[in-house]
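Visitor: Here is what each chain is made of, one letter per residue.
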Amino acid sequence: AQRVTQPEKLLSVFKGAPVELKCNYSYSGSPELFWYVQYSRQRLQLLLRHISRESIKGFTADLNKGETSFHLKKPFAQEEDSAMYYCALRPGATNKLIFGTGTLLAVQP
Amino acid sequence: GAVVSQHPSWVICKSGTSVKIECRSLDFQATTMFWYRQFPKQSLMLMATSNEGSKATYEQGVEKDKFLINHASLTLSTLTVTSAHPEDSSFYICSATGPSNTEAFFGQGTRLTVV
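Top to bottom, those sequences are chains A and B.
If you're matching positions, the first sequence starts at 1 in the numbering used here and goes up one per residue.
If you're matching positions, the second sequence starts at 1 in the numbering used here and goes up one per residue.
Pulled out of the complex, with its shape left as it was, chain A reads as follows (with noise of 0.2 Å):
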């Protein structure tokens, strides 16, 4: 089955911490990831996918295939950094996206 799971449904650290949002799958095959992130009052936005390799405002993201997982991280979290972040899975072949349960997180000062 695919499945996206984020086991933390908040977070809060304080400004300057590090911070670790873990997101683990389920697909049988090769994935295509994404962190999705929704701030307060605004509409979902794509923040980093793991083909990219790419470092976004701080976050980055690693495909660890053994683990099937790819957690986000940002090693100084800072207070705007706070909203919901979504992990994604696209199956291969598909343009949908499976979406984990979101994790809140919240950066105080």
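Read the hints as simulated data drawn from the structure, not as lab findings.
Predicted, not measured: the structure shown is a model, and the values here were computed from it.
Be aware that one or more of the hints could be misleading.
[What the hints assert, rightly or not] Derived SDA-like pairs (lysine to any residue); straight-line CA-CA distance at most 20 Å:
| hint | chain 1 | residue 1 | chain 2 | residue 2 |
| --- | --- | --- | --- | --- |
| 1 | B | Lys41 | A | Pro7 |
| 2 | B | Lys41 | A | Leu10 |
| 3 | A | Lys96 | B | Phe91 |
| 4 | B | Lys41 | A | Met84 |
| 5 | B | Lys41 | A | Ala83 |
| 6 | A | Lys22 | B | Thr75 |
| 7 | A | Lys96 | B | Ser9 |
| 8 | A | Lys96 | B | Ser5 |
| 9 | A | Lys9 | B | Met45 |
| 10 | A | Lys96 | B | Glu59 |
| 11 | B | Lys41 | A | Gln45 |
| 12 | B | Lys41 | A | Leu104 |
| 13 | A | Lys96 | B | Ser43 |
| 14 | B | Lys41 | A | Thr101 |
| 15 | B | Lys55 | A | Asn95 |
| 16 | B | Lys41 | A | Tyr39 |
| 17 | A | Lys65 | A | Pro91 |
| 18 | A | Lys96 | B | Leu76 |
| 19 | A | Lys96 | B | Thr17 |
| 20 | A | Lys9 | B | Ser5 |
| 21 | B | Lys41 | A | Asn95 |
| 22 | A | Lys96 | B | His85 |
| 23 | A | Lys96 | B | Ser15 |
| 24 | A | Lys96 | B | Thr75 |
| 25 | A | Lys96 | B | Phe28 |
| 26 | A | Lys96 | B | Lys14 |
| 27 | A | Lys96 | B | Glu63 |
[Stated by the list, open to error] Computed from the model, here is a short list of chain A residues facing chain B with C-beta under 10 Å:
| hint | residue |
| --- | --- |
| 28 | Tyr86 |
| 29 | Asn95 |
| 30 | Lys96 |
[Stated by the list, open to error] Quick partial rundown of chain B residues pointing at chain A, CB under 8 Å, derived from the structure:
| hint | residue |
| --- | --- |
| 31 | Phe28 |
| 32 | Gln29 |
| 33 | Gly53 |
| 34 | Gly98 |
| 35 | Ser100 |
| 36 | Glu103 |
| 37 | Gly109 |
| 38 | Thr113 |
| 39 | Val114 |
All residues carry an ideal CB built from backbone N, CA and C; glycine is no exception.
Assemble the complex: chain A is given as a structure, and chain B must be docked to it using the hints.
Guide: Then chain B, alone, in the frame of chain A:
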């Protein structure tokens, strides 16, 4: 980035009536549009995928006769909730991809409340 607009942002309707939600790509041609449903504090659940000019592909468990999807042009898809019931109350979100399919752009969502 590209913009996807949904209308209306919120709607209240009576049980038994039908309501139409529009999803427009404002500055690109959306070859594929997706409709999601999101219950409070839950994830986005894909309802259907629609390609311009062809019938929508519905996910398992989604009633195609209840949730009518039309994708008549490259910039517009509509979702019609027919004979709405209170349990249809939810947040409906559309997304669209262009010909390159590299990124999905999301609408702001529509809050449907059926009373």
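Visitor: Work down the list of hints and note, for each, if the structure agrees.
Guide: Here is how each hint holds up against the structure:
1. Simply put, lysine 41(B) and proline 7(A) have alpha-carbon atoms about 14 Å apart, close enough for the 20 Å limit, and the pair holds.
2. About 11 Å separates the Cα atoms of lysine 41(B) and leucine 10(A), which keeps this hinted pair within 20 Å; it holds.
3. Taking the CA atoms of lysine 96(A) and phenylalanine 91(B), the gap is near 18 Å; set against the 20 Å cutoff, the hint holds.
4. The straight-line distance between the Cα atoms of lysine 41(B) and methionine 84(A) is roughly 11 Å, inside the 20 Å bound, and the hint therefore holds.
5. Only pairs whose Cα atoms come within 20 Å are accepted, and lysine 41(B) paired with alanine 83(A) is accepted, the gap being roughly 14 Å.
6. Distance restraint check for lysine 22(A) and threonine 75(B): the Cα-Cα separation of roughly 36 Å exceeds the 20 Å cut-off, and the hinted pair is therefore not satisfied.
7. The suggested pairing of lysine 96(A) with serine 9(B) is violated, with an alpha-carbon distance near 23 Å, which exceeds 20 Å.
8. Of the supplied pair hints, the one linking lysine 96(A) and serine 5(B) holds, its CA atoms being roughly 19 Å apart against a limit of 20 Å.
9. Distance restraint check for lysine 9(A) and methionine 45(B): the Cα-Cα separation of roughly 17 Å lies within the 20 Å cut-off, and the hinted pair is therefore satisfied.
10. For the given pair, lysine 96(A) sits about 11 Å from glutamate 59(B) by alpha-carbon distance, which is consistent with the 20 Å threshold.
11. Distance restraint check for lysine 41(B) and glutamine 45(A): the Cα-Cα separation of roughly 18 Å lies within the 20 Å cut-off, and the hinted pair is therefore satisfied.
12. At most 20 Å may separate the alpha-carbon atoms for a hinted pair to count; lysine 41(B) and leucine 104(A) meet this at roughly 10 Å.
13. The hinted pair formed by lysine 96(A) and serine 43(B) meets the criterion: a straight-line CA distance of about 15 Å does not exceed 20 Å.
14. Taking the CA atoms of lysine 41(B) and threonine 101(A), the gap is about 8 Å. The hint holds against a cut of 20 Å.
15. A distance of roughly 16 Å separates the Cα atoms of lysine 55(B) and asparagine 95(A); the hinted pair therefore holds under the 20 Å criterion.
16. The hinted pair formed by lysine 41(B) and tyrosine 39(A) meets the criterion: a straight-line CA distance of about 15 Å does not exceed 20 Å.
17. In summary, the hint linking lysine 65(A) to proline 91(A) is supported, as the alpha carbons are separated by about 14 Å, within the 20 Å threshold.
18. A hinted pair counts as satisfied when its Cα atoms are at most 20 Å apart, and lysine 96(A) with leucine 76(B) qualifies at roughly 18 Å.
19. The straight-line distance between the Cα atoms of lysine 96(A) and threonine 17(B) is roughly 30 Å, outside the 20 Å bound, and the hint therefore fails.
20. Distance check on the hinted pair: lysine 9(A) and serine 5(B) sit about 28 Å apart at the alpha-carbon level, beyond 20 Å; violated.
21. For the suggested pair lysine 41(B) and asparagine 95(A), the alpha carbons sit about 25 Å apart, so the restraint of at most 20 Å is broken.
22. Proximity of lysine 96(A) to histidine 85(B) is assessed by CA-CA distance (about 27 Å); at most 20 Å being required, the pair is judged violated.
23. For the proposed pair lysine 96(A) and serine 15(B), the alpha carbon gap of about 31 Å is over 20 Å, so the pair is violated.
24. Taken as a hint, the lysine 96(A) and threonine 75(B) pair is honoured in the structure, with Cα atoms around 18 Å apart against an allowance of 20 Å.
25. Proximity of lysine 96(A) to phenylalanine 28(B) is assessed by CA-CA distance (about 18 Å); at most 20 Å being required, the pair is judged to hold.
26. Of the supplied pair hints, the one linking lysine 96(A) and lysine 14(B) is violated, its CA atoms being roughly 32 Å apart against a limit of 20 Å.
27. For the proposed pair lysine 96(A) and glutamate 63(B), the alpha carbon gap of about 18 Å is at most 20 Å, so the pair holds.
28. At about 7 Å, the closest approach between the beta carbon of tyrosine 86(A) and any beta carbon in chain B falls short of 10 Å, and the interface hint on this residue holds.
29. The beta carbon of asparagine 95(A) is positioned within 10 Å of a beta carbon in chain B (closest approach about 5 Å), and the interface hint is therefore held.
30. The beta carbon of lysine 96(A) is positioned within 10 Å of a beta carbon in chain B (closest approach about 6 Å), and the interface hint is therefore held.
31. The interface hint given for phenylalanine 28(B) is violated, since its Cβ lies 14 Å from the closest Cβ of chain A, which is over the 8 Å cut-off.
32. Interface hint status for glutamine 29(B): violated, as the beta-carbon distance to the closest one in chain A is roughly 14 Å, over 8 Å.
33. Taking 8 Å as the C-beta contact cut-off toward chain A, the hint placing glycine 53(B) at the interface is violated, the least distance being around 16 Å.
34. The closest approach between the C-beta of glycine 98(B) and any C-beta of chain A is roughly 10 Å, which is over the 8 Å cut-off, so the hint fails.
35. Checking serine 100(B) against chain A: minimum C-beta separation of about 11 Å lies over 8 Å; hint violated.
36. The criterion of a C-beta within 8 Å of any C-beta in chain A is met by glutamate 103(B), whose closest approach is roughly 5 Å, and the hint holds.
37. For glycine 109(B), the interface hint holds, the least distance from its beta-carbon to any beta-carbon of chain A being 7 Å, beneath 8 Å.
38. The interface hint given for threonine 113(B) is violated, since its Cβ lies 18 Å from the closest Cβ of chain A, which is over the 8 Å cut-off.
39. A hinted interface residue such as valine 114(B) counts as satisfied when its beta carbon comes closer than 8 Å to some beta carbon of chain A; here the least separation is about 23 Å, so the hint is violated.
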